[in-house]
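Number of protein chains: 2
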Amino acid sequence: MADLLDDLRSALPDGAVLTDPDLLRGHQRDEADLCAYGMPAVVVRPRTTEQVAAVVKIAAAHGVPVVPQGARTGLAGAANAVDGAIVLSTAALNRILEVDAVNRIAVVQPGVINSAIAAEVAKHGLRYPPDPGSWESSTIGGNVATNAGGMCCVKYGVTSEYVLGLEVVLATGEVLRTGRRTAKGVAGYDLTRLFVGSEGTLGVITEITLGLRPAAEASLTMVALFPSTAAAGAAVAAISAGGLSPSLLEFLDQTHLIAIETHRPMGLRTDAKALLLAASDTGPRAAADLARIAALCEEAGADEVYAATDAVEAAALLQARRLAHPAMEQYAAESFPTGNGGLIIDDVAVPRSALAALLDGTEKIAAEHGVAIGVVGHAGDGNMHPNIVVDRADPASVASCRRAFDDIVSLTLSLGGTCTGEHGVGLLKREWLAREIGPVGVRVHQAIKAALDPDTLFNPGKVL
Amino acid sequence: MADLLDDLRSALPDGAVLTDPDLLRGHQRDEADLCAYGMPAVVVRPRTTEQVAAVVKIAAAHGVPVVPQGARTGLAGAANAVDGAIVLSTAALNRILEVDAVNRIAVVQPGVINSAIAAEVAKHGLRYPPDPGSWESSTIGGNVATNAGGMCCVKYGVTSEYVLGLEVVLATGEVLRTGRRTAKGVAGYDLTRLFVGSEGTLGVITEITLGLRPAAEASLTMVALFPSTAAAGAAVAAISAGGLSPSLLEFLDQTHLIAIETHRPMGLRTDAKALLLAASDTGPRAAADLARIAALCEEAGADEVYAATDAVEAAALLQARRLAHPAMEQYAAESFPTGNGGLIIDDVAVPRSALAALLDGTEKIAAEHGVAIGVVGHAGDGNMHPNIVVDRADPASVASCRRAFDDIVSLTLSLGGTCTGEHGVGLLKREWLAREIGPVGVRVHQAIKAALDPDTLFNPGKVL
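Those protein sequence lines, which keep their order, are chains A and B. Sequential numbering of the first sequence, starting at 766, is according to our numbering. Sequential numbering of the second sequence, starting at 766, is according to our numbering.
In isolation and in its complexed conformation, chain A is listed as follows:
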């Protein structure tokens, strides 16, 4: 132990090896519920790729696992520490190294905050679209490690579609470069994509080459209110079948509408069972596209449809959607007088045609287990977050919520869906991953893990 710390201190600059107990406790876990976490031996904050490689080599020599951590905003426990581990924080790997406007590329270190990249590339008339809910606090390294999603993904795709190349420190301490700076390229296996979404289990990402887009166009925004969640689900299927490509298509159920109005009154109708928030950024056609979406919502049973009258109202509606998570946290906290109320956040995705069935089934599951479940999500992708209200101090409540959680994932798989649409597997869904991909899929995962990290140095216990 002393040896380990000595070796780390001699390899890293002053202040980069942290053992203060309060600080160690602060690095034990991400924001996931229901996930175990341990006490790390040390937190390191390397500033360069070479320092990361040195840490990995020292860890390997001492047989001590390495847990990479960004901002710990994850929701599946993938960044949770294990006892005695080296937590490798990317906090000091926080530079934007390059923005190349001609080639629409940015090269960044993993510790840069998502919104900082968006702001920097906007200066060059460019856009980095992926916008997870945590975009103002999460790091690009964490986004890449979990293949983060967000609200823009319905039209602009998830993180992986923007990662052109990576620099990764392997378990050997060697530095691997994957991918390219060109728009196209098919040289060899797609190692870039193998590392994206691998949740820190295959290597430590130390540099990311991002492909960018031209700046977004102004969008128009509308709202549709429904008398049932199933009607909202049917509207989403009709919009998809109608060949429309909204730039935003978000779902909020009544529980979330109430939670948001309680958290910050914004004039949302809390008597509606569901709300769809849609936007179109197709320029001169946006109004016509929104009109078609509005008509499809009405055909599906919406009892009120209205457009945002201006950009201020549109921004307020988007802000209401962004408040769903903190509002629901407050709602959960206030649901139990004990003060132990909280939220178990689920993340599932189904084919869009199955969205109504998922929403219907989730209501039934809530009733069956006697728990409150609010649902919010990226309707256009079929990606829903059923948020389960739990009394953490009450084992019976936790048990009921866990059963509801499992039933929702089980329902999702039976609908042809996936156990995680954007949050990842981490610790939270290892069993569900195994069920989803089956024994052959598990064996292939294990074979790849063994090929790249035979001694399970990186993030042990996660994903697999």
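Since the hints were made in silico from the structure, they are not lab data. This one's a predicted model, so the numbers in the text were calculated from it and none came from an experiment. Mixed in with the good hints there might be a few duds.
It does not matter which identical chain is used: a pair holds within one copy or between any two.
Under the rule of at most 30 Å between Cα atoms (straight-line distance), these lysine-lysine pairs were calculated in the BS3-like manner [unchecked claim]:
hint: 1; residue 1: K1214; residue 2: K822
hint: 2; residue 1: K1038; residue 2: K920
hint: 3; residue 1: K920; residue 2: K888
hint: 4; residue 1: K1129; residue 2: K1038
Using the hints provided, position chain B relative to the given structure of chain A.
Chain B alone, transformed into the frame defined by chain A:
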């Protein structure tokens, strides 16, 4: 050998085990030049996944390699037979299993021709964008195995962006399912992407789930003619830097213009040093977008810019571009009175900012080695095909062309590019792949190959 054939015949239906020598010769190679090929022991045409699995198990039991083959339109030798191998043809795995318009998905077997998928999904108002030059003859399995590109990629991306999931027969004979039918999903490692572009070296793809797009909109088309290739390259960089997203941005040099006019006179100006063909499908904004592209071309030095007056003229221009390959083949054949003239087709990609330097450098390389090189390609992606005219009967010509070929790839890497933009590595560029990805990259490739195919059953000698 008799044992092998007996085992295959008992596992496959009548007519699926082929040993006719002419037929074996017809399955020796794809369309790549400079690549070795052998004589297979047998060609099999399984009709089901179970039959593919049976073939793989028999091959493993006999220690005989399996070379998967689609339509053999590849340009890197990835489908070339090795002596004594089982060539596994996907010709009888040729069904479109499902088109789901609500979820914008098609499920297909690997032997379906690209254009047949495009035609079928069009009936549902949907589009499968990737359009390699071979789209009317190449199979989707081959497109997936090589991660094929095409002309639409500048705006709509390459094959991999449309592959949601795969069914793959592994070296064990087990059947792996990867990916999903949902718009989003992050469950586990991205095995789908690992198999896409792996050129038949990791498994046999037996089913493909494709994500589709709404039908394309009508586009407007324009032409710009330049007094130098470098000016055309500069125009491409300016278009990219200007935030424009043309739906087509193709380059033809003077050699190709002459070849096309010789092959089929279409009224192209053969005195121009380079032509850019651009299109925009942004609906009501397309004319304005094309006007901006035209202005940027003029600023870069174009001496003539004109728009197609109608869809017929636009289609003729596109047809001229599609004729570049056969026209250049004819040009090459007629370049030598021996009748042994042919084409060595290269495929490189550079950052768009380096396109002018690549074009300039290629001209210098041609002069230096005394060979004729025509360049055509997907300018908007920086993906060029320098086509080298060779006299196959003349060893000195072959040697000069090989040196020019290598010099072009070397130049590409020095410009921050990749040794293959869309054709793949196959046999043609194994050494160049190794140089591009370096020893760490090669070791990771080998580790993954060994994890999935430890006995090198699949497509030995390709890629690595």
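Status of the hints after comparison with the structure:
1. In this assembly of identical chains, the alpha carbons of K1214 and K822 lie at most 30 Å apart whether taken from the same copy (18 Å) or from different copies (25 Å).
2. Taking the shortest alpha-carbon separations for K1038 and K920, only the intra-copy value of 26 Å comes in at or below 30 Å, while the best inter-copy value is 39 Å.
3. When the C-alpha separation of K920 and K888 is checked against a cutoff of 30 Å, the pair qualifies both within a copy, at 23 Å, and between copies, at 23 Å.
4. Taking the shortest alpha-carbon separations for K1129 and K1038, only the intra-copy value of 15 Å comes in at or below 30 Å, while the best inter-copy value is 69 Å.
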